[in-house]
Amino acid sequence: MSRELWRNSQVARSWPTFVWVLAIIFAITTISWERAKAQSSEANAPTVRHVVVILNKSKLIRFAKPIKKASIASTAIADITPMTDRSLYIQGKTPGTTNISVFDENMQLVEIVDLEVTIDTENLQQRIRAITGSNAVRVTASSGQVVLSGMVADGVAADRSVSVAQSMMQGVTLVNAMTVAPSQQVMLEVRFLEASRSAERDIGVNWFGTKPNGNVVSTGVGTANNGMSVTQGGTALLSASGGGPFGVVLANVVNSGAGNLNVMISALESQGLVRRLAEPNLVTLSGETAKFLAGGEFPIPTVSGTTANGATPTFLMQPYGVSLSFVPTVLRNHLINLRIAPEVSELDYANSVTISGTTIPSILQRNAQTTIELRDGQSFAIAGLLQNRSVRNLDQLPWLGSVPVLGSLFRSAAYQNSESDLVIIVTVHLVHPVTPADHLATPFDQRLPSNDVDFFANGQMEIPKRYSDYVTSGGGVQGPYGAIIPTEKGSNQSAFKGIEAK
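Numbering (our numbering), first residue to last: 1 to 502.
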């Protein structure tokens with residue numbers, strides 16, 4: 001084989017290898033160029049920074065390279081002011097989010113500032129911690145709202161936290177997501193005790209008589225209220241309406257042709273005593289308002305308008321009876337704050353008003369409204385009244401009634417004295433519901449309705465339970481009344497309201 005042929009054959013064999021080498025070099029060059037392009041693009045891409053600014057406060061941010069321009073998307077959320085070519089001053093105006101675009105000297109976007117204007121929750125958190133003395137309340141801000149969360153010990157801490165947040169965050173929506181744990185139930189016992197005493201004494205002398213000509217002579221100082229009617233010769237000497245005579249002496253002193261002279265001596269002493277007792281009891285949760293009314297409503301006519309035919313009446317319903325309204329708040333160490341408003345009222349027809357044939361009674365009221373603090377089982381007399389009224393009346397004939405000793409025959413005296421004693425006592429308890437196995441006592445546990453024999457033959461409308469039932473049921477009393485009152489530790493008895501079960 002000639003040397004020329006040998007060379008051609010070598011070139012033919014090396015040609016595929018050369019093509020593959022060129023392809024590999026081209027691929028490596030392309031990859032390197034793309035990577036360099038990507039790195040260059042990444043190097044020129046703007047960076048993103050998250051910045052948080054407190055509402056109504058400012059912050060200064062700095063840049064690594066000189067900047068020429070900065071633009072904010074929403075000027076309502078914040079204001080920006082360039083301080084130097086490497087710093088930017090930001091002032092928060094409204095809670096919200098926006099962004100700031102920063103450009104370099106070639107007006108290329110080099111950085112994006114993700115700006116968030118938020119509420120100063122740290123300061124609010126410290127104020128709430130100082131007021132409540134607890135770290136249980138958590139304060140967060142979201143979408144322009146302040147959220148209070150966490151579990152507080154009592155309702156007072158929750159109310160104080162909300163009050164502090166409202167005072168510091170005016171114009172900001174406040175979301176109360178706090179819970180009070182555990183819930184506590186409070187039973188309030190209120191006793192109205194009232195006693196009214198009255199005493200009255202009357203004594204009077206009444207002289208009356210007639211002349212032959214029929215003229216009547218009378219001193220008119222007696223008490224003509226005993227239902228007597230005295231006549232002589234067809235002439236009424238004394239006439240009064242009412243019941244029969246009581247404490248009255250009527251005597252004829254002179255009976256002659258010149259005329260008649262009679263005397264009536266009346267004396268009366270009366271005493272009265274009225275006792276009233278009302279005991280409303282009510283149970284509610286701590287922090288909740290509870291109301292109680294045992295009574296009714298009576299209509300009071302009012303004028304709503306006038307027409308051609310006259311006035312158009314409407315009726316306003318006025319409640320009366322025994323009512324109780326209170327708001328308990330359980331504080332630390334079982335101290336209970338009470339806002340209480342008890343009232344007892346009744347209709348008074350003695351001081352009524354009659355309008356167009358309609359009688360409208362007045363209302364006698366005994367009420368109180370106050371705020372106190374008690375511990376479990378303690379009592380307080382929240383209101384008291386002692387009223388004493390003394391009235392003395394003296395009617396007499398001029399001159400004659402002033403004569404010593406004999407003047408008593410020509411005068412009438414009346415003495416009236418009235419006293420009222422009123423006291424309102426409240427007792428508070430922390431209670432819990434009875435168990436399903438317990439039976440709550442009712443007014444029908446001790447007696448049963450009578451049958452026909454008991455009612456018609458014996459005249460009994462009710463009969464006691466059988467003696468065996470009476471003994472086995474503990475004297476006819478079954479279970480606690482309404483709510484159980486916790487007892488002292490170590491006690492082997494359970495104290496119930498008004499009863500004691502062993």
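Don't read these hints as lab results, they were simulated from the structure.
Glycine included, each C-beta is placed from N, C-alpha and C at the ideal position.
Treat the hints with caution; some may be incorrect.
As the list claims (entries may be wrong) - Within a straight-line C-alpha distance of at most 25 Å, the following computed BS3-like cross-link-like pairs (lysine-lysine) qualify:
hint, residue 1, residue 2
1, 57, 69
2, 59, 93
3, 57, 93
4, 59, 69
5, 69, 93
Said to hold, decoys possible - Computed beta-carbon distance windows for the label pairs:
hint, residue 1, residue 2, range
6, 168, 358, 51 to 59 Å
7, 386, 358, 33 to 41 Å
8, 384, 290, 49 to 57 Å
9, 454, 413, 53 to 61 Å
Consistency of the hints with the structure:
| no. | hint | result |
| --- | --- | --- |
| 1 | 57 with 69 | holds (23 Å) |
| 2 | 59 with 93 | holds (12 Å) |
| 3 | 57 with 93 | holds (8 Å) |
| 4 | 59 with 69 | holds (18 Å) |
| 5 | 69 with 93 | holds (21 Å) |
| 6 | 168 with 358: 51 to 59 Å | holds (57 Å) |
| 7 | 386 with 358: 33 to 41 Å | holds (37 Å) |
| 8 | 384 with 290: 49 to 57 Å | violated (24 Å) |
| 9 | 454 with 413: 53 to 61 Å | holds (56 Å) |
Of the numbered hints stated above, the single one contradicted by the structure is hint 8.
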